[in-house]
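Chains A and B, in that order, are what the protein sequence lines are. Take the first sequence: its letter number 202 is residue 202 in the numbering used here, and every next letter is one higher. Take the second sequence: its letter number 279 is residue 279 in the numbering used here, and every next letter is one higher.
Please keep in mind that the hints were generated in silico from the structure rather than gathered at the bench. Honestly, I wouldn't trust all of these hints.
To be verified - Label-pair ranges, simulated between beta-carbon atoms:
hint, chain 1, residue 1, chain 2, residue 2, range
1, A, Glu178, B, Glu230, 16 to 24 Å
2, A, Asp153, B, Asn99, 52 to 60 Å
3, B, Ala228, A, Glu151, 52 to 60 Å
4, A, Gly165, B, Ala228, 24 to 32 Å
5, A, His152, B, Gly145, 52 to 60 Å
6, B, Gly231, A, Val231, 27 to 35 Å
7, B, Gln127, A, Ser155, 53 to 61 Å
8, A, Ser155, B, Gln198, 39 to 47 Å
9, B, Gly145, A, Asp153, 44 to 52 Å
10, B, His281, A, Ser155, 23 to 31 Å
11, B, Lys255, A, Ser299, 46 to 54 Å
12, A, Val231, B, Pro195, 56 to 64 Å
Said to hold, decoys possible - Away from chain A, derived, C-beta distances all over 10 Å, residues of chain B:
hint, residue
13, Phe51
14, Ile57
15, Leu128
16, Gly184
17, Arg324
As the list claims (entries may be wrong) - If you want a taste of the chain B side facing chain A, the calculated C-beta under 10 Å gives, among others:
hint, residue
18, Ser258
19, Cys284
20, Asp289
Ideal Cβ placement from N, Cα and C applies to all residues, glycine included.
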Amino acid sequence: MPISVNMPRLSDTMEAGTIVRWSVKVGDAVTSGQVIADIETDKATMEMPVFDDGRIASLLVPAGQSVKVGTLIAVIAQEGEPLESAARAATAVATAAQATPSVPNSSTTATKSDSDASMVAGATAESSDEWAAVRGASVRVSPVARRMAEEHDISLGSLQGSGPGGRIIKRDVQIAMENTRSRSAPATGASELAIPVVANQRPSGGLVIAGLESESVPVSSKRQIIARRLVESKSTIPHYQVSMKFDLDQLMAMREQLNVDLASVGIKLSVNDFIVRGCALAMAKHPYVNASWAGDSISLHTQVNVGIAVALDESEGGGLVVAVLRDADRKSLRAISAEAKAMGEKARTRGLSLDDMADSTFTVSNLGMFGVEHFTAIINPPNSAILACGAAIKQPVIRNDALTVGYEMVATLSSDHRVIDGAMAARWLNTLKHSLEHPATLLV
Amino acid sequence: MSALREIEYRDALREAMSEEMRRDAKVFLLGEEVAEYNGAYKVSKGMLDEFGPRRIIDTPISESGFAGLAIGAAMQGLRPIVEFMSWSFSLVAADPILNNAPKMLYMSGGQFGCPIVFRGNDGAGGQLGSTHSWCVEGMFSNVPGMKMVIPATPDDAKGLLKTAIRDDDPVFFLESERMLGLKGHVPEGDEILVPFGQARIRREGTDCTLASWGRPVHFCLEAADALAKEGISCEVIDLRSIRPLDIGSVVRSVKKTSVCVVVDQSWSFGSPGSELAAQVHRHCFDDLDNFVHRVHTADVPSPYAFNLEQEYLPNARRICEAVRAATYNA
Numbered sequence: 001m002p003i004s005v006n007m008p009r010l011s012d013t014m015e016a017g018t019i020v021r022w023s024v025k026v027g028d029a030v031t032s033g034q035v036i037a038d039i040e041t042d043k044a045t046m047e048m049p050v051f052d053d054g055r056i057a058s059l060l061v062p063a064g065q066s067v068k069v070g071t072l073i074a075v076i077a078q079e080g081e082p083l084e085s086a087a088r089a090a091t092a093v094a095t096a097a098q099a100t101p102s103v104p105n106s107s108t109t110a111t112k113s114d115s116d117a118s119m120v121a122g123a124t125a126e127s128s129d130e131w132a133a134v135r136g137a138s139v140r141v142s143p144v145a146r147r148m149a150e151e152h153d154i155s156l157g158s159l160q161g162s163g164p165g166g167r168i169i170k171r172d173v174q175i176a177m178e179n180t181r182s183r184s185a186p187a188t189g190a191s192e193l194a195i196p197v198v199a200n201q202r203p204s205g206g207l208v209i210a211g212l213e214s215e216s217v218p219v220s221s222k223r224q225i226i227a228r229r230l231v232e233s234k235s236t237i238p239h240y241q242v243s244m245k246f247d248l249d250q251l252m253a254m255r256e257q258l259n260v261d262l263a264s265v266g267i268k269l270s271v272n273d274f275i276v277r278g279c280a281l282a283m284a285k286h287p288y289v290n291a292s293w294a295g296d297s298i299s300l301h302t303q304v305n306v307g308i309a310v311a312l313d314e315s316e317g318g319g320l321v322v323a324v325l326r327d328a329d330r331k332s333l334r335a336i337s338a339e340a341k342a343m344g345e346k347a348r349t350r351g352l353s354l355d356d357m358a359d360s361t362f363t364v365s366n367l368g369m370f371g372v373e374h375f376t377a378i379i380n381p382p383n384s385a386i387l388a389c390g391a392a393i394k395q396p397v398i399r400n401d402a403l404t405v406g407y408e409m410v411a412t413l414s415s416d417h418r419v420i421d422g423a424m425a426a427r428w429l430n431t432l433k434h435s436l437e438h439p440a441t442l443l444v
Numbered sequence: 001m002s003a004l005r006e007i008e009y010r011d012a013l014r015e016a017m018s019e020e021m022r023r024d025a026k027v028f029l030l031g032e033e034v035a036e037y038n039g040a041y042k043v044s045k046g047m048l049d050e051f052g053p054r055r056i057i058d059t060p061i062s063e064s065g066f067a068g069l070a071i072g073a074a075m076q077g078l079r080p081i082v083e084f085m086s087w088s089f090s091l092v093a094a095d096p097i098l099n100n101a102p103k104m105l106y107m108s109g110g111q112f113g114c115p116i117v118f119r120g121n122d123g124a125g126g127q128l129g130s131t132h133s134w135c136v137e138g139m140f141s142n143v144p145g146m147k148m149v150i151p152a153t154p155d156d157a158k159g160l161l162k163t164a165i166r167d168d169d170p171v172f173f174l175e176s177e178r179m180l181g182l183k184g185h186v187p188e189g190d191e192i193l194v195p196f197g198q199a200r201i202r203r204e205g206t207d208c209t210l211a212s213w214g215r216p217v218h219f220c221l222e223a224a225d226a227l228a229k230e231g232i233s234c235e236v237i238d239l240r241s242i243r244p245l246d247i248g249s250v251v252r253s254v255k256k257t258s259v260c261v262v263v264d265q266s267w268s269f270g271s272p273g274s275e276l277a278a279q280v281h282r283h284c285f286d287d288l289d290n291f292v293h294r295v296h297t298a299d300v301p302s303p304y305a306f307n308l309e310q311e312y313l314p315n316a317r318r319i320c321e322a323v324r325a326a327t328y329n330a
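Bound-form chain B, shown alone:
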């Protein structure tokens, strides 16, 4: 295949897991429907055939149980990948994933690490209703001791997942059902890893810095196209991981543009977006021409109706409005 090979986001995830499982016998995957059914979203398609039932494990519908089991395995030196069909379902496993995994190294005085990856679909946009549309990053990223990664494109999905599997800390890997079918160029090769804490400039610009991660990066790019026609040049920064957070890249950009709009698909109160805005205010205080504007999902439970759900999301129109306001072009 050529260097411009294009694959779907879900294929990129599978390549990452399969390659790492071939490389390291301690890596295994467990979750609901991951084996016999080839994954609820076909991410693990064919993996049972290649790696067998000892390493591709179908679990009962019991997140608390299999997440806890996997954490125990990680403490004993294995490298589990826990697939949550949706991060919305991980809430019942809050105790193991938030209260045990991220604190294990600290509480055991360094005796037990927890090299585990929790991954699954995060965010609204598929008309799944209020309880199945969670963006958990607002709530979960609050916990120290974890890493949190939210890739926006297939190449990053692969490179970041490989890094996550090799990382010795618990990594919360947030995918999106809305992006699984997204196609993009992913280079060949087993050793293409994307490091954590390195933002990617998706588009260069001079008038406003748009900082985002995950699916809203695409909304930002859409907004930047529209705004360019109005003469407003946006720089779109994809943070890729929010723990660790590459504040340096955002600061460099804001020092250039003097204006920053943070786009985050979680609720605004106590969110990664509010944290990023606070850090930008701290580091760029004398560089800002306006306070950091933020675009989040609306502060209500996710609506079910399609039109309301689209409006609820930090969509391109809402981003454009925020950028115009922040750049005094409203």
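Next up, chain A with everything else stripped away, as it sits in the complex:
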């Protein structure tokens, strides 16, 4: 009765996972609840526990390799069961499921119930177990879909079945064939003709220009999901931008003073902390900026959860994650600062958990630390708006009709026009302007 351990689905959007590290090796005893691996998903690195007792009979996927959800990754032999026979069953499974398995929701599946197993014994029982394991992991594909995929050299593993139980059906293969055709069209046609084809391309498609030398870099699952989400956002949400200039003289002065006063307790407020607080407070007056388009309705969120875009180091594959400060409108500047700092640190070192990234209602993206004056950002769905902040730059400014030197910052709000109209965006920016230019209001 070997226990199959399959790649679990750790988030709604997860399609594949990478084994970052195995915490066990073949022969190790494991108990229910014990973590046996770290798994990198499209969103986070998570620990994977087992739900059975036994000994590791086989680890089928090496660390570093990405496999589809549902793929058999390990086999646990139960008590009294020889490791070899359990591992043999696993080999049969791996061979049968080489393409891609169906997608069970639970991460571990007992291949045979105990009561069933107790009725049979010896060699027959062993071989029937093998078959049970093979059946459990098989891909569901309609015969014609299988044949067409073979004929057109389409990997069944790359398809998501739309039939009952995830069965891959003819329609799924036909769609894949069309995608392949539209992707390969530019390579065969004249380059002039390629342009309209590119315009019609599906979001996930890429364009390879013949004749250019390039190095191909494999794309991490994180990068893939960033690509998909951004294309989805930019191509489906009617974006528009409204910019505003903020006078940050007072804010910069106040920040300097506070940081001197709070240095002894290790607090260092960033400009962004003030902005996050300002954005969160502005929502009370402008609920539509803290909302989501829901097709036939608009959801006005009762919580204000401000996401902060965190850039990850390029040496570690780069990418962008959004750390979420929950109930940011109810948190003090000091709490926001501490939390934002901790989240940024966690994102760059261990990676954020799903919870850390879930449920944002608005996002702030800040490139001020790079000296950027002005930029625009792409909305982070299901948010309806994102604020792109440049640096607070010391420059010649006009104050009280006199030319002087002061700090100014430009921030640009990208909005979903289905939810937020231009005037609404402008009014929200004015509210933010008022609080950033009267920073004492952010302290109470």
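Model the placement of chain B on the given structure of chain A, informed by the hints.
This is chain B only, laid out in the frame that chain A set:
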């Protein structure tokens, strides 16, 4: 008359019999009420006048007796047509028609053939209750040595019945009381014969093959009309004879559509529909996008109540549901 002459299904049957009786003196008709009463359903109307009582024979209510008598006549070289008022009544003649006729050539080592046609009304739909609503094809088609024909339209009724009368094997010819009044174009001419084992494509389509025979062909056409409005294109194949079965036509269609729904008005267990589905699975295994779906009469005795009986039949609504499911449009 013009080429677009339209006659009823019952007239087509009579034309077939009369023409063959004029052509071949060995052909004769016997059954309950076929002569003096002009047929319980007026199929043999006027035939007594034309052919006389030696060839149009009224029998007692004794199916076992007159079926057996006719089989003996066939063994001796005559070509009898046995009319069962309803195939439901043929059950009492099971021994002669199933146990003797289809096996005669085999058991006599080729000495005795059995060129006989058994014909009559088959199937439910007329509020005749459980015992008079039999679809015998499920049970009878199981027997080797026979041919079984189930025409859906007047032209096929005529052309197939003429072929049946000329055939040297016992032919089970299944008509339907519900279709006797159905009108359709039947070409003029004595030599218009429809061969056995050749399906007819009643409607062309690309998304789903609907395979049927007899009365449910009309349900299929009705369903195909409705489904076309939903964007599902059905190809309707009328098998016409189920022994021999033109599996080739169905296979060609399924290779195109990848989806097959079999519609059969007999009960599902051990039926022509289950046989056809099995053959499609065998021949089209790598072409199928879903398992072959089947629509049969419900697995209960025929209800008497009109509304229940309509629901019991493989009606258009049930066919539509099956096609949507089979094409993943449910």
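To see whether the hints hold, each was checked on the structure:
1. Taking 16 to 24 Å as the suggested C-beta distance range, the pair glutamate 178 of chain A and glutamate 230 of chain B conforms, at roughly 22 Å.
2. Between aspartate 153 of chain A and asparagine 99 of chain B the Cβ separation comes to about 57 Å, which falls inside the hinted range of 52 to 60 Å.
3. Distance hint check for alanine 228 of chain B and glutamate 151 of chain A: the Cβ-Cβ separation is about 29 Å, which falls outside the suggested range of 52 to 60 Å.
4. In this structure the hint that glycine 165 of chain A and alanine 228 of chain B lie 24 to 32 Å apart at CB holds, the actual value being about 29 Å.
5. Between histidine 152 of chain A and glycine 145 of chain B, the C-beta spacing of about 47 Å breaks the proposed range 52 to 60 Å.
6. Range check, glycine 231 of chain B to valine 231 of chain A: Cβ separation about 29 Å, and the 27 to 35 Å hint holds.
7. The supplied range of 53 to 61 Å is met by glutamine 127 of chain B and serine 155 of chain A, whose beta-carbon atoms lie about 57 Å from each other.
8. Taking 39 to 47 Å as the suggested C-beta distance range, the pair serine 155 of chain A and glutamine 198 of chain B conforms, at roughly 43 Å.
9. The given range of 44 to 52 Å is respected by glycine 145 of chain B and aspartate 153 of chain A, whose C-beta atoms sit roughly 50 Å from each other.
10. For histidine 281 of chain B paired with serine 155 of chain A, a C-beta distance near 27 Å keeps the hint of 23 to 31 Å intact.
11. For the hinted restraint 46 to 54 Å between lysine 255 of chain B and serine 299 of chain A, the CB-CB distance of approximately 49 Å keeps it satisfied.
12. For valine 231 of chain A and proline 195 of chain B, the Cβ-Cβ distance of about 60 Å falls inside the hinted range of 56 to 64 Å, so the restraint holds.
13. Every beta carbon of chain A lies more than 10 Å from that of phenylalanine 51 of chain B, the smallest distance being close to 55 Å; the non-interface claim holds.
14. Distance to chain A confirms isoleucine 57 of chain B as a non-interface residue, since its nearest Cβ pair spans about 54 Å, more than 10 Å.
15. Distance check on leucine 128 of chain B: its Cβ is at least 39 Å (rounded) from any Cβ of chain A, clearing the 10 Å threshold; non-interface status holds.
16. In this structure glycine 184 of chain B is separated from chain A by more than 10 Å, as the shortest Cβ-Cβ distance comes to about 36 Å.
17. At roughly 13 Å from the closest C-beta of chain A, the C-beta of arginine 324 of chain B stays outside 10 Å, upholding its exclusion from the interface.
18. Annotation: serine 258 of chain B was flagged as interfacial toward chain A, and the flag holds, the nearest CB pair being 5 Å apart, inside 10 Å.
19. At its closest, the beta carbon of cysteine 284 of chain B sits 8 Å from a beta carbon of chain A; the interface hint therefore holds under the 10 Å criterion.
20. Interface restraint check: aspartate 289 of chain B against chain A, minimum CB-CB distance 4 Å, threshold 10 Å, status holds.
Against the hints set out earlier in the document, violations occur for numbers 3 and 5.
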